[in-house]
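Student: Sequence:
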Amino acid sequence: MSAPIHQRLADEFRSRISTGRWPEGVRAPSESVLCDEFGVSRGPVRQALATLRAEGLLVGGQGRPPLVRTSVPLHSATALGSLTAWALDVGRTPGQRTILQSRHGADADLARRLEVSEGDPVLTIVRARFLDDEPAVLERMSFVWDVGRLLMEFDPDSGSINGFMLDRGIDLYSSRHEVDAVAAGDDDAEHLDMTVGTPMLRVRRTTEDSTGRVIEFAEDRYVPGQCAISITNRLTAAGGRSHIRLA
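The numbering used here numbers the first residue of the sequence shown as 3 and each following residue consecutively.
Treat the hints with care, since some could be wrong.
[To be verified] Quick list of simulated restraints, FRET-style, between CB atoms:
no., residue 1, residue 2, range
1, T197, D134, 35 to 43 Å
2, V28, E155, 47 to 55 Å
3, D134, E155, 39 to 47 Å
4, E180, T213, 20 to 28 Å
5, D38, T200, 54 to 62 Å
6, E39, P226, 42 to 50 Å
7, E117, G187, 47 to 55 Å
8, M154, G199, 29 to 37 Å
9, D122, T213, 15 to 23 Å
10, G41, W147, 16 to 24 Å
Note that these hints are calculated values from the structure, not bench results. C-beta atoms are modelled at their ideal positions from N, C-alpha and C, and glycine is treated no differently.
Given only the sequences and the hints, what does the whole structure look like? Please build it.
Tutor: Have a look at this one:
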């Protein structure tokens, strides 16, 4: 059984980047040009381009074709948002157990984070994540309702939420991360087999679409010894970039 069209297109676009057919710093062909070349509609082309944006291989593209960025390694730009993709890429076995999947009204803090009104409907998913059957991360993800209602069709125990969203054409354009250290709480201890008070790495992520609209706010808490953060800063207009490396 052949892969979906958008996956085959994404593979072809990655190949063009890795071989230099689409050089770094040059704009990729427009959606219309790619549609004509491959004889497909805009939907699969947009999904394929969105996948490469999420991987950090393409940047920009609001109103014009995106720029190629081969200097960003595959998965490094998306590891904070896709544990499944990173784990599979390095030969580890990801797993998950859903703790909560709930439609509810946003409280004041979540409404501020998602830029919605207090009480507006949102979807929250909480999962314990595993690497090679060992507890690794407690994820808490909240989505604006037009995205959340699509995720109601997804079984969070089945794998990558990011992969499902990309397959559904959800515009995952950019993420902003806040990284700090916290003490493990009762939920961490219960679901990750930890001791309350143990230091943990916390990553809070705000994801926007290509129009700048916030679509997700997430908080991930990592078991000690399962991850390290590597940050590279450049004195350029592009600023710094960071990626996660799981031990």
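Student: Look at each hint and say if it fits the structure.
Tutor: Against the structure, the hints come out as follows:
no.: 1; hint: T197 with D134: 35 to 43 Å; in the structure: 21 Å, violated
no.: 2; hint: V28 with E155: 47 to 55 Å; in the structure: 38 Å, violated
no.: 3; hint: D134 with E155: 39 to 47 Å; in the structure: 29 Å, violated
no.: 4; hint: E180 with T213: 20 to 28 Å; in the structure: 22 Å, holds
no.: 5; hint: D38 with T200: 54 to 62 Å; in the structure: 56 Å, holds
no.: 6; hint: E39 with P226: 42 to 50 Å; in the structure: 49 Å, holds
no.: 7; hint: E117 with G187: 47 to 55 Å; in the structure: 27 Å, violated
no.: 8; hint: M154 with G199: 29 to 37 Å; in the structure: 36 Å, holds
no.: 9; hint: D122 with T213: 15 to 23 Å; in the structure: 18 Å, holds
no.: 10; hint: G41 with W147: 16 to 24 Å; in the structure: 36 Å, violated
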